[in-house]
Amino acid sequence: MKPALLLTLIALPAFADSAGGISWTSPATWKADAPRPMRAATYLIAPAKGDTDSAECAVFYFGEGQGGGIDANVDRWVGQFETTKAPVRKKEKLAGFEVTTIEVDGTYASAMGGPMGPKTPKPGFKLLGAIVEGPKGNVFFKLTGPAKTVEGSRADFLKMLKSATK
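Anchor point for the sequence shown: position 90 equals 90 in the working numbering, and the numbering is continuous, going up by one each time.
Be a bit skeptical, because a hint or two may be false.
DSSO-like, lysine-lysine: derived pairs with alpha carbons at most 27 Å apart [claimed, not checked]:
id, residue 1, residue 2
1, LYS166, LYS93
2, LYS91, LYS162
3, LYS31, LYS85
4, LYS85, LYS148
5, LYS90, LYS166
6, LYS49, LYS148
7, LYS93, LYS49
8, LYS122, LYS90
9, LYS142, LYS85
10, LYS31, LYS166
11, LYS85, LYS49
12, LYS122, LYS142
13, LYS142, LYS90
14, LYS159, LYS142
15, LYS91, LYS49
16, LYS136, LYS159
17, LYS159, LYS49
Derived DEER-like restraints, expressed as beta-carbon distance ranges [unchecked claim]:
id, residue 1, residue 2, range
18, GLY50, SER23, 28 to 38 Å
19, SER110, VAL88, 34 to 44 Å
20, THR107, SER23, 28 to 38 Å
21, LYS90, LYS122, 21 to 31 Å
22, LYS85, ALA155, 31 to 41 Å
If you are wondering where the hints come from, they were derived from the structure by calculation, not from laboratory data.
Remember, predicted model here, so these are calculated numbers, not experimental data.
All C-beta atoms in this analysis are idealised placements derived from N, C-alpha and C, irrespective of residue type, glycine included.
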C-alpha cells in the first residue's frame with residue numbers, strides 16, 4: 001500500500017451513528033459495542049491510567065413520544081447514585097438542539113439484568129448524561145464509569161454531542 005493512501009485511510013473520521021432524526025460522530029478512541037436491546041448504540045471507553053473498570057456510553061432512543069419525559073429520566077439517572085454532592089443539571093442549546101445535561105458522581109448502583117435485577121454498588125463512579133430533543137423524539141446519551149475515566153472522556157462526550165446534525 002502506498003504511504004499516502006495509508007495516511008488517508010488513517011485520517012478518516014469516525015463512523016456516524018443516528019437515532020431520533022439526528023446523526024452524531026462517535027469519538028475515534030471509543031469502541032462501538034455489539035447491538036443491545038433498547039439501545040441505538042453502545043460505546044466502550046478504555047479505563048484511564050489507574051482505573052480498573054472501563055466506562056460505557058449508552059445511547060437510547062425509544063421512538064417519538066416514548067421513553068418518558070426529561071425530568072423523569074434525569075431523576076432516574078440521579079437515583080442510580082448514592083451521593084453527598086448535588087447533581088449538576090443544565091439546559092442548553094448544542095448544535096442547534098435543546099439539550100438537558102446532568103452530571104452526578106458517587107456510588108453507582110448499576111442494575112444488572114434490567115431495572116429489577118440485582119444491584120452492584122460501584123464507589124467512585126460518575127455519570128455524564130445528555131438528553132437531546134431530536135426532531136423525532138428524545139435521544140438519551142448516558143456515559144457512566146469510574147470518575148477518572150469519565151472525566152477524561154468529557155471532552156469527547158461534548159464533542160460527540162456538538163457533532164449532532166438533523
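We went through each hint and held it up to the structure:
Straight-line distance between C-alpha atoms of LYS166 and LYS93 comes to about 14 Å, which keeps the hinted pair within the 27 Å bound. Of the pairs offered as hints, the one joining LYS91 and LYS162 holds, with about 14 Å between alpha carbons and a cut-off of 27 Å not exceeded. Under the criterion of a C-alpha separation no larger than 27 Å, the hint pairing LYS31 with LYS85 is inconsistent with the structure, at around 31 Å. A C-alpha spacing of about 17 Å is found between LYS85 and LYS148, which places the hinted pair at or below 27 Å, so the restraint holds.
Taking the CA atoms of LYS90 and LYS166, the gap is near 22 Å; set against the 27 Å cutoff, the hint holds. Note on LYS49 and LYS148: the hinted pairing holds, with a Cα-Cα distance of about 9 Å set against a maximum of 27 Å. A C-alpha spacing of about 33 Å is found between LYS93 and LYS49, which places the hinted pair above 27 Å, so the restraint is violated. The straight-line distance between the Cα atoms of LYS122 and LYS90 is roughly 25 Å, inside the 27 Å bound, and the hint therefore holds.
Taking the CA atoms of LYS142 and LYS85, the gap is about 19 Å. The hint holds against a cut of 27 Å. A C-alpha spacing of about 24 Å is found between LYS31 and LYS166, which places the hinted pair at or below 27 Å, so the restraint holds. For the given pair, LYS85 sits about 25 Å from LYS49 by alpha-carbon distance, which is consistent with the 27 Å threshold. Of the pairs offered as hints, the one joining LYS122 and LYS142 holds, with about 16 Å between alpha carbons and a cut-off of 27 Å not exceeded.
Under the criterion of a C-alpha separation no larger than 27 Å, the hint pairing LYS142 with LYS90 is consistent with the structure, at around 15 Å. The straight-line distance between the Cα atoms of LYS159 and LYS142 is roughly 14 Å, inside the 27 Å bound, and the hint therefore holds. Distance check on the hinted pair: LYS91 and LYS49 sit about 32 Å apart at the alpha-carbon level, beyond 27 Å; violated. A hinted pair counts as satisfied when its Cα atoms are at most 27 Å apart, and LYS136 with LYS159 qualifies at roughly 22 Å.
Restraint check for LYS159 and LYS49: satisfied, since their Cα atoms lie roughly 22 Å apart, inside the 27 Å limit. Roughly 34 Å separates the CB atoms of GLY50 and SER23, a value that falls within the hinted 28 to 38 Å. Take SER110 and VAL88: their Cβ atoms lie about 21 Å apart, and the range 34 to 44 Å is violated. The hinted range of 28 to 38 Å is satisfied by THR107 and SER23, whose Cβ atoms lie roughly 35 Å apart.
The hinted window of 21 to 31 Å between LYS90 and LYS122 holds, with their beta carbons roughly 25 Å apart. At roughly 21 Å, the beta carbons of LYS85 and ALA155 sit outside the given window of 31 to 41 Å.
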